[in-house]
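Start from chain A and add chain B according to the hints.
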Amino acid sequence: MKWVLFIPELWVLLMSAFFFGMSMAARPNPRRDYFIALFFAAAGVIVTLIAVRMEGTLFFDVYRVDLFSQVFKVMLAMGLFLIISLCSELNGIPDFRHHEFYLLLSICTFAMMVMVSSVELLTLYIALELSSYSLYILVALRKDHGTPMEAGIKYFLVGAVTSAVMLFGIASLYGAAHTTSLTDLVKVYPGVVDQPLAFIGLLFTLCGFFFKLALFPFHVWAPGVYQGAANQVTAYIATATKVAAVALLMRIVTLGQSSIPLVHILVVLSIASMTLGNLVAVMQRDMKRLLAYSAIAHAGYVLIGILSMSPEGYAGAIYYAVAYLIMNFTCFLVVIKVADDGRDLQIDQLAGLHRRSPLLAMALMLGVFSLGGIPPTIGFTGKFLVLVAAMQKGYFYLVFIAMINVVISLYYYALVVKAAYLLEPEKELPAIILSPAVRLLTVAMVILIVAGGLFPGPLYAIARAAARLLV
Amino acid sequence: MVPMDMAFAKFPFLSAILLSCVAGLLVILFIPEERKGLIKGISAIFSGIALVLSVIIFFAYDKSLGGLQFVEKLPWVASPCISYFNGAGGFNLPLILLTGIVHFTGVLTMWELETRVKEYFALYFLLVTGVFGFFMSLDLFFTFFWYDVSLLPMYPLIAIWGTTQKEYASMKLFLYLLAGSALVLPAIIYLFAKSGLNTFDLVALMEPGTFTPFQQKFAFIFLYLGFGILAGIWPFHTWSPTGHVAAPTSVSMLHAGVLMKLGAFGILRVAISLCPEGWQYWSGLMAVLATIGIVYGVLVGLTQKDLKYVIGYSSVSHMGIVGLGLSTVTAEGLNGAIFQMFAHGIMTALLFSSVGYIYERTHTKMIPELGGLSRVMPVASGYFILGALAGIGIPGFANFWAELAVFISAIEVYPIGGIFAICALVLSALFMLRVVQQTFYGPKNASIKHHLPDISFGQGLPRMMLAGVLLLFGFFPSLMFEVIQTFTIPFMEGLPR
Numbered sequence: 004m005k006w007v008l009f010i011p012e013l014w015v016l017l018m019s020a021f022f023f024g025m026s027m028a029a030r031p032n033p034r035r036d037y038f039i040a041l042f043f044a045a046a047g048v049i050v051t052l053i054a055v056r057m058e059g060t061l062f063f064d065v066y067r068v069d070l071f072s073q074v075f076k077v078m079l080a081m082g083l084f085l086i087i088s089l090c091s092e093l094n095g096i097p098d099f100r101h102h103e104f105y106l107l108l109s110i111c112t113f114a115m116m117v118m119v120s121s122v123e124l125l126t127l128y129i130a131l132e133l134s135s136y137s138l139y140i141l142v143a144l145r146k147d148h149g150t151p152m153e154a155g156i157k158y159f160l161v162g163a164v165t166s167a168v169m170l171f172g173i174a175s176l177y178g179a180a181h182t183t184s185l186t187d188l189v190k191v192y193p194g195v196v197d198q199p200l201a202f203i204g205l206l207f208t209l210c211g212f213f214f215k216l217a218l219f220p221f222h223v224w225a226p227g228v229y230q231g232a233a234n235q236v237t238a239y240i241a242t243a244t245k246v247a248a249v250a251l252l253m254r255i256v257t258l259g260q261s262s263i264p265l266v267h268i269l270v271v272l273s274i275a276s277m278t279l280g281n282l283v284a285v286m287q288r289d290m291k292r293l294l295a296y297s298a299i300a301h302a303g304y305v306l307i308g309i310l311s312m313s314p315e316g317y318a319g320a321i322y323y324a325v326a327y328l329i330m331n332f333t334c335f336l337v338v339i340k341v342a343d344d345g346r347d348l349q350i351d352q353l354a355g356l357h358r359r360s361p362l363l364a365m366a367l368m369l370g371v372f373s374l375g376g377i378p379p380t381i382g383f384t385g386k387f388l389v390l391v392a393a394m395q396k397g398y399f400y401l402v403f404i405a406m407i408n409v410v411i412s413l414y415y416y417a418l419v420v421k422a423a424y425l426l427e428p429e430k431e432l433p434a435i436i437l438s439p440a441v442r443l444l445t446v447a448m449v450i451l452i453v454a455g456g457l458f459p460g461p462l463y464a465i466a467r468a469a470a471r472l473l474v
Numbered sequence: 071m072v073p074m075d076m077a078f079a080k081f082p083f084l085s086a087i088l089l090s091c092v093a094g095l096l097v098i099l100f101i102p103e104e105r106k107g108l109i110k111g112i113s114a115i116f117s118g119i120a121l122v123l124s125v126i127i128f129f130a131y132d133k134s135l136g137g138l139q140f141v142e143k144l145p146w147v148a149s150p151c152i153s154y155f156n157g158a159g160g161f162n163l164p165l166i167l168l169t170g171i172v173h174f175t176g177v178l179t180m181w182e183l184e185t186r187v188k189e190y191f192a193l194y195f196l197l198v199t200g201v202f203g204f205f206m207s208l209d210l211f212f213t214f215f216w217y218d219v220s221l222l223p224m225y226p227l228i229a230i231w232g233t234t235q236k237e238y239a240s241m242k243l244f245l246y247l248l249a250g251s252a253l254v255l256p257a258i259i260y261l262f263a264k265s266g267l268n269t270f271d272l273v274a275l276m277e278p279g280t281f282t283p284f285q286q287k288f289a290f291i292f293l294y295l296g297f298g299i300l301a302g303i304w305p306f307h308t309w310s311p312t313g314h315v316a317a318p319t320s321v322s323m324l325h326a327g328v329l330m331k332l333g334a335f336g337i338l339r340v341a342i343s344l345c346p347e348g349w350q351y352w353s354g355l356m357a358v359l360a361t362i363g364i365v366y367g368v369l370v371g372l373t374q375k376d377l378k379y380v381i382g383y384s385s386v387s388h389m390g391i392v393g394l395g396l397s398t399v400t401a402e403g404l405n406g407a408i409f410q411m412f413a414h415g416i417m418t419a420l421l422f423s424s425v426g427y428i429y430e431r432t433h434t435k436m437i438p439e440l441g442g443l444s445r446v447m448p449v450a451s452g453y454f455i456l457g458a459l460a461g462i463g464i465p466g467f468a469n470f471w472a473e474l475a476v477f478i479s480a481i482e483v484y485p486i487g488g489i490f491a492i493c494a495l496v497l498s499a500l501f502m503l504r505v506v507q508q509t510f511y512g513p514k515n516a517s518i519k520h521h522l523p524d525i526s527f528g529q530g531l532p533r534m535m536l537a538g539v540l541l542l543f544g545f546f547p548s549l550m551f552e553v554i555q556t557f558t559i560p561f562m563e564g565l566p567r
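Those protein sequences? They're chains A and B, same order as listed.
Offset between the first sequence (1-based) and this note's numbering: plus 3.
Offset between the second sequence (1-based) and this note's numbering: plus 70.
Honestly, the hints are just simulated from the structure, not real lab data.
If you're wondering where the values come from, they're calculated on a predicted model, not measured in any experiment.
Cβ atoms here follow ideal geometry from the backbone N, Cα and C, with glycine treated the same way.
Hints may be right or wrong, so weigh each one.
To be verified - Selected chain A positions facing chain B (in silico; Cβ < 7 Å):
1. Ala167
2. Pro378
3. Gln395
4. Phe399
5. Val410
6. Tyr424
7. Leu426
Just chain A, with the same shape it has in the complex (with noise of 0.2 Å):
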């Protein structure tokens, strides 16, 4: 009976082969796949809710079922749902490239989920390599805005080089400590820590995840994917992956717990990928663009509590992811929503939102300053965390360097706010109506990011208990 660990993939897995008998037989239908598509998605929150809880090893223990990776995988799924919840009018993607949307996006899905889970670095790589070659296509399926090819391309180039790295990184690992299985790792890898084929290795092996978090110097692919895929792409780009990588960067740095080297070069990575996002954020009048640089700002935060290695920081992260997911995909729902014809949404756009759809408005408000870190609001709990972590290893300086960057991310994302509820659109547009599904989600992400960031205590313990189980 061990198969009922496996539930929660399978049913991600199932909705893809759905998806693909779909795309061979069936007429496409947006609205009816649509609701199918939101059936499955659903179901696949309930499936992974229930499926919690369960503890438990599968395939000759390659693949380990505990509360950190059902706790990431409810995250994923949860991040399938909401953006499938807003793909009822998906004009950014040919009809007839409905089914095949769904089937890449829930592929990926399975694909981060079986990623969580592995404890080998094999296993690993292949869900990477599954995720991130879905990704590709559906970047590239966008339809008569931007430059979605341009965009594919880009970040299949960068993602072919990065893997190319990763697989030297798992490579040197292996010849290091001659084993693959990060159980095993644990042990052997404190013991050739000194070696510099194993420093690499790891060294390397993190990369392929510091591609997928958009973490400096792997970053160069965020802005023009961003802003070249379709909005439910982008929004899915911005929100899953990033979840995903943070789990496996914390599930494989704890093998270089006692490396102070690797702790430097992540301490460096974090304020200059802090820095460089922030900064050029600041010129951006694309608000995608802005989200992807703020993204590359946001990796390099959550590396702080990574970096830190201590209960306290994992925990920090996971809250982080949490909160990440949230505001981030609030702000995405804002500009899918705005920008209802597919086309990218440029910052002064966001003109007269206020009245347009008050709702949105302080969705969108209360989204970007999350992201900047303000209380009462998620993100501010999450930074708070990582930070406490940091300050516990006595990085006093890496601190307040972040602090120094939330000032200047706050910046830009008041020029969102002033955009919003400030600024007048040159002509009068019409007010943005919203279904009754929609408010409510809307109303339901208001409620999670400011409760969040009120009440801070249950989420945190789960990712506490949850971050116990990596150290």
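For chain B alone, kept in the frame of chain A given last:
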């Protein structure tokens, strides 16, 4: 330090105050935009509740008992230990009362607002929630939490409803204040991490011996500069005059009246309480900056043509007096500083609300374009003149006692700085009287219409309250001093010499 006595609350007055603001905010959010009258009515009711409650706790505080009273404590996060921990004592009661008064009068002052009323009052209530929360919180996490909550609404409030250079001023203010919080947060987390107690409980962290002298000196300077930005300490004050000028009337009132006190209170509550040795070490620097602030504010104020700028710079100068009081490291200095926070808050609120009225009617706040205004609007002019007299420190107003207490101790501790400060005060009398003379007396400016309506009784109500409070504490300063002393005297006795 003498451990603080704690008396738990029978009725959660402090939470009730917070709740009245949150409830007001939520109720306003659910009223349709068009029902402007209803929104204002609801705002007045909820702010009235907050006012009544804050008056009650101010007078119900048992001065013979001292220590912390009305304490409420709820565990919030298990590890690291964060608790929802509120309490009132001599250090924050005056400020809670101040916030209650300015909050209520601010709502009444904005009675004539017509544009985007719902959003305005919603943000205004959010701002006040943060301010109340900050003053009553005894947990470091929540202290910072409320501090930032109160900064967040400032940006939209000024950017949307403001006037002169509003976009520039709001962004500058927002970034300056957040830069302040960027200095404060690392220091708070640093103290948390170094204490080894795994708690954000301020009272627990205040135990003597928790921090080494070096840690205290190190953290103190961050906290002092961080909170100091909000307190308008020279040379970090430049956001304050532009911000005050741009803000709509009630936001100016709240901002100059209450928000700047947040900074000074933060220095007292977090920096001085947790790092007393750092305080003694850096007190010289504090005194120098404060004195420069007092003199500089007055001198720059002398050249201003805009009435609101005049008040803005006088705020810089008056907040310098608070800083000077804090820098003396004496009980009298602290008494004066806390009293000055209260008195200055009420006084600036009165000034800004009078200018707001004058600006609404004459559509100018430039001194050369006014003149002889007391012939047209004797009552409105009267309120401004009252406020100006209080600002100069005329006996009979609360400010007199506060400034007296600060200057007496400042002269003892820093003779040179104290003399400079007193000279500046004389100059400030000159400059305020000049403003009063040019604006309200002398020949009437031809551009002012003759039939401008004066403040009616209803509109005058908030100004009357403010003026009344100034006079009440001016004639009975012991009402205030006795409350403040329940904190300052045990606190100073507990300091290591």
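Checked hints:
The beta carbon of Ala167(A) is not positioned within 7 Å of any beta carbon in chain B (closest approach about 40 Å), and the interface hint is therefore violated. Interface hint at Pro378(A): satisfied, since its Cβ lies 5 Å from the closest Cβ of chain B, which is below the 7 Å cut-off. Taken as an interface hint, Gln395(A) checks out: its beta carbon lies about 5 Å from the nearest beta carbon of chain B, inside 7 Å. Satisfaction of the interface hint for Phe399(A) is found here, the shortest Cβ-Cβ separation to chain B being roughly 6 Å, below the 7 Å cut-off.
This hint holds: Val410(A) has a C-beta 5 Å from the nearest C-beta of chain B, less than the 7 Å allowed. For the restraint placing Tyr424(A) at the interface with chain B, the shortest Cβ-Cβ distance is roughly 6 Å, inside the 7 Å limit, so the hint holds. A cut of 7 Å between beta carbons decides the hint on Leu426(A): the least distance to chain B is about 10 Å, and the hint is violated.
Checked against the numbered hints given earlier, this structure breaks hints 1, 7; the rest are met.
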